[in-house]
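Participant: Let the sequences and hints guide you as you build the complete structure.
Here the protein sequences come in this chain order: Y and L.
Take the position in the first sequence, starting the count at 1, then add 6; the result is the number in the working numbering.
Take the position in the second sequence, starting the count at 1, then add 72; the result is the number in the working numbering.
By construction, these hints were calculated from the structure, which means they are not laboratory data.
Don't take each hint at face value.
Said to hold, decoys possible - Which chain L residues face chain Y? A few, computed with CB under 8 angstroms, are given here:
1. Phe89
2. Val172
3. Pro186
C-beta: ideal position from N, C-alpha, C; glycine also.
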Amino acid sequence: MRGLPRLRWSTALLFVLALVWLYPVVWTLTGAVRPTADIYRAPWDLTWPPAIGNIGAAWERGQLGAALVNSASVTAMTVAIVLVLSIGAAYSLAKLRPPARPVLFILVLAPLIIPTEVLIVPLFSMFRGLGLINSLPGLALVNAVANVSFATLLLTGYFRTIPRDLIDAARVDGAGRLDVLLRIVIPLARPGILAVAVLVSVLTWNDFSGALVLLQDPDTFTVQLALTRFSTFYATDQGLTFAGMAIVILPPLLLFLLLQRSFIRGLTAGVLGR
Amino acid sequence: MATAQHRRRDGAIDLAFLLPTLVLLGGFLFYPLVYGIALSAHDSQGFEPTQFVGLENYVRAIFGDAVFHRSLLNTILFTGAAVVLQTGIGLFLALLVAGVRRGRTFYLVAFFAPFVLASVAVGAVWKFLYAPFFGIAATVGSALGFDTLTIAPLADADTALWAVMAAFLWRFAGFSMVVYVAAIQALPRDYYDLAVLEGASWSQRLRHITWPLLWPQTFTLVLLSTIGTLRIFDMVWIMTAGGPAHATETVATHVYTTAFRFLEVGYAQAMAMILLLVILLLTVVEYRILSPRADVASS
Chain Y
7 MRGLPRLRWS TALLFVLALV WLYPVVWTLT GAVRPTADIY RAPWDLTWPP AIGNIGAAWE
67 RGQLGAALVN SASVTAMTVA IVLVLSIGAA YSLAKLRPPA RPVLFILVLA PLIIPTEVLI
127 VPLFSMFRGL GLINSLPGLA LVNAVANVSF ATLLLTGYFR TIPRDLIDAA RVDGAGRLDV
187 LLRIVIPLAR PGILAVAVLV SVLTWNDFSG ALVLLQDPDT FTVQLALTRF STFYATDQGL
247 TFAGMAIVIL PPLLLFLLLQ RSFIRGLTAG VLGR
Chain L
73 MATAQHRRRD GAIDLAFLLP TLVLLGGFLF YPLVYGIALS AHDSQGFEPT QFVGLENYVR
133 AIFGDAVFHR SLLNTILFTG AAVVLQTGIG LFLALLVAGV RRGRTFYLVA FFAPFVLASV
193 AVGAVWKFLY APFFGIAATV GSALGFDTLT IAPLADADTA LWAVMAAFLW RFAGFSMVVY
253 VAAIQALPRD YYDLAVLEGA SWSQRLRHIT WPLLWPQTFT LVLLSTIGTL RIFDMVWIMT
313 AGGPAHATET VATHVYTTAF RFLEVGYAQA MAMILLLVIL LLTVVEYRIL SPRADVASS
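Facilitator: See below:
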């Protein structure tokens, strides 16, 4: 069976499917640098010279600079909140003995079956009362709620794999709970924490519904809202639309390509619960 | 010696690490949930509840709103088909990927990449793919000899929902795939060696070994994608905004329109609560029926 490498039908099929899957991605990226008239040409059929001008025009007309800053700050705040909260929560659930642990576990995981989509009206109403409409920290809080549960679930799984003896030994030496968390648990769980940070940042960067409801002032728009401007105002200038999309999808795509191992492993570990 | 008092104090400190998360969820999940239940039982003016109307909003949604019926039907149809297809395609791709000897990373990245793209971009690109005359669907179709040049899948009420689903599956099948690939790689090899030795065919091995052994992953994926799909809003909103003629209206888009276009927030929230009940109900039912513990395959 394991003789010379030969092309099997399954490998050929898989390769074709992979190309089909990649087609829209490559098309978006190459479409960003082609003139509007050539948008519908095949992705590999590049126009020369590339219409680099699209990028600058999209940047300017879509006000992408400001939107990128807004998205980056919402993402940074969300990741910070989620990491601090989920590390504490996972530590407590995996390694400590809080009273009524099973109940706490259910409470912390509740957002997994109560999506923020069904609460968008009361959240909007509440945020209006609190003056948090058009507030980027406010949007970060909603994103944190949407992400903190699976982050805690994933990290609880990671923390459980840390040997008890290590922690007991440190405790005998007089280390407090916080010392153990900072000096043993966090350093040992770094791959898991990195995976959570990457996942949460991609999901927050891509958030649309939260931003759509909570941000109304164009100055506060995230990149996703800025993108919708292209389809409404510049529907005729498709080169621009593609350039805008390419700018917006590139950061998560690059992050994923760079960290794909940790990304996929973190995700599957979270889903598989180990 | 840890006395009872000590233990209680220790428990309180242990709880303190969880407290910030509980406070966040209390303020921004459980409070809005309770407020949402109250809101759904009121008439509303602007965004403020006015008069208590009990279950009137629910009665109106269930008995008097044809668009809500359509949206609920669409949501359930879409979810049912998407869960089966996403899991099926994911497993199919995973079996192929697990079988290749070289370039596994390339395939993982290729199929998973759409997952990290924003729904706004995915929706917009697929709108272009579906465009009549120029779009890929029109071009490929007519190249194959079909009369598809003027077909616009998203503008046709009969096909729009399925056109959105194709984009949805393209985006999320890779997620199911990577979960399956990780699980397949962890499967014990000796079962297969033995089965091959006894002359079991590829399909027999799939049916009697792989499928039962992967049941825990299938179970988790079905549960996750059910919850994830029932709430669908982004891609539908970008691609069709629920049209044409409500053909792709989902509960989430109908709730959004009702609340933020027509400013009927009490009524909108009643429909959102019905969606939440559907999510909870289906999750419980799936959990009961599909839970690996109840499955004999694991023995």
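Participant: Indicate, hint by hint, whether the structure satisfies it.
Facilitator: Hint by hint, here is what the structure shows:
no.: 1; hint: Phe89; result: holds (4 angstroms)
no.: 2; hint: Val172; result: holds (6 angstroms)
no.: 3; hint: Pro186; result: holds (7 angstroms)
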